[in-house]
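Visitor: Chain order of the listed sequences is A and B. The first sequence maps to residues 1 to 286 in this note's numbering. The second sequence maps to residues 287 to 351 in this note's numbering.
Incorrect hints may appear among the rest.
As the list claims (entries may be wrong) - Derived, one-sided and incomplete: chain A residues facing chain B with beta-carbon distance under 7 Å:
| hint | residue |
| --- | --- |
| 1 | 78 |
| 2 | 105 |
| 3 | 109 |
| 4 | 110 |
| 5 | 218 |
| 6 | 220 |
Unchecked claim - Just the calculated beta-carbon pair ranges, DEER-fashion:
| hint | chain 1 | residue 1 | chain 2 | residue 2 | range |
| --- | --- | --- | --- | --- | --- |
| 7 | B | 307 | A | 244 | 26 to 32 Å |
| 8 | B | 345 | A | 159 | 23 to 29 Å |
| 9 | B | 304 | A | 87 | 37 to 43 Å |
| 10 | B | 311 | A | 274 | 38 to 44 Å |
| 11 | B | 303 | A | 114 | 21 to 27 Å |
| 12 | B | 344 | A | 159 | 20 to 26 Å |
| 13 | A | 255 | B | 303 | 45 to 51 Å |
| 14 | A | 113 | B | 304 | 16 to 22 Å |
| 15 | A | 44 | B | 344 | 29 to 35 Å |
| 16 | B | 309 | A | 34 | 42 to 48 Å |
Simulated from the structure, these hints should not be mistaken for laboratory data. Glycine included, C-beta positions come from ideal geometry on N, C-alpha and C.
What follows is the residue order along each chain.
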Amino acid sequence: MTFAQAIALALLQGVSELFPISSLGHTILIPALLHWQNVNRSTASFLAFVVVLHLGTALALILFYRKEWSAIVRALVASIVRGRLSDDAQERIGWRLVVATVPVGILGLIFEGPVRRLFGSPSPAALFLLANGLLMFAGEALRRRQLRGGGKDGKPIERLSYPASLTIGVAQACALLPGISRSGVSMVAGLLCDLDHEDAARFSFLLATPVILAAALLEIPKLFVPDAHLVLLEAICGGIAAGLAAYLSVAFLTRYFRSNDLRPFGWYCVVVGAICFVLAQRGAIS
Amino acid sequence: MRAIAIVLAVAFFLLGILYGMGKVNFFTESGPAHAHHITHLVVCWVLALLCLIWARFQGSPARTM
């Protein structure tokens, strides 16, 4: 992997982790499209590189939501010490994030390996990217139908029920499939649980933080394998680039979802997914 | 409910130890490089901790989760 490829992959990871377009799908499809034969996703040095990219992305999210995370953690600790729940908004958000994170952790542990082996190639990734786009259209259509039928809009996150939080967490676990976006699928689930776009995005980004951070921390031993030093400079620069890209992405998206919806990303996923699937079927990418 | 939470916490704690020792291989990658399932150990212990927190809330006379 060259330095330029490393930075390109880092920027791609930082942006696509938060935009609802699937980072995993893109890190499979883009190197395949560009015929980067020298980028081997299964080598120890590449896995170490990916760990640093995830750390950079997670730190960017923590930095962006630092005040919120600080309040949430303090409220959670106070609640545990007290031994009972209160109506504090940050505490309620914190427990909903905990409930929504549990299914991702368990399902990720069980299914990540088999899913990666079964679907970690361009054809399935392209197909799932297409499905991700359709899912966003379906989510928006269902939400509009709910609103027309008298459904509520703009329920605050702290008023989400625990089953709804669990549902969003289970939905997020679908992002184990390359091409299905973590933020996209959890936003769609949030919308269907009566959140508006802004709060669905906020909950999705808050929910992504512990998941990405835990995934990176659990993989830290991969940084100490013998071959990891081969990509030390690329990993450090890539981590910074991924963090910057993630910070700018979340800043943009939190503004974007104040008045916009998921459909433009749906179009992107449908078009890119369809093109990549056709190319993969014709053997143009592999 | 409190008793169930504590039993679950102990079960997850022990399961974590068994994963760490490589005695349990459910839902793990195979091969010598994966003999000790540290990730599974950590996740089991986090679940055990959550069960203990759940037990603590069940012990309270006020509203529950």
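Visitor: Which constraints among the numbered hints does this structure fail? Numbers only, ascending.
Guide: As far as the earlier hints go, 1, 6, 7, 15 are violated by this structure, in ascending order.
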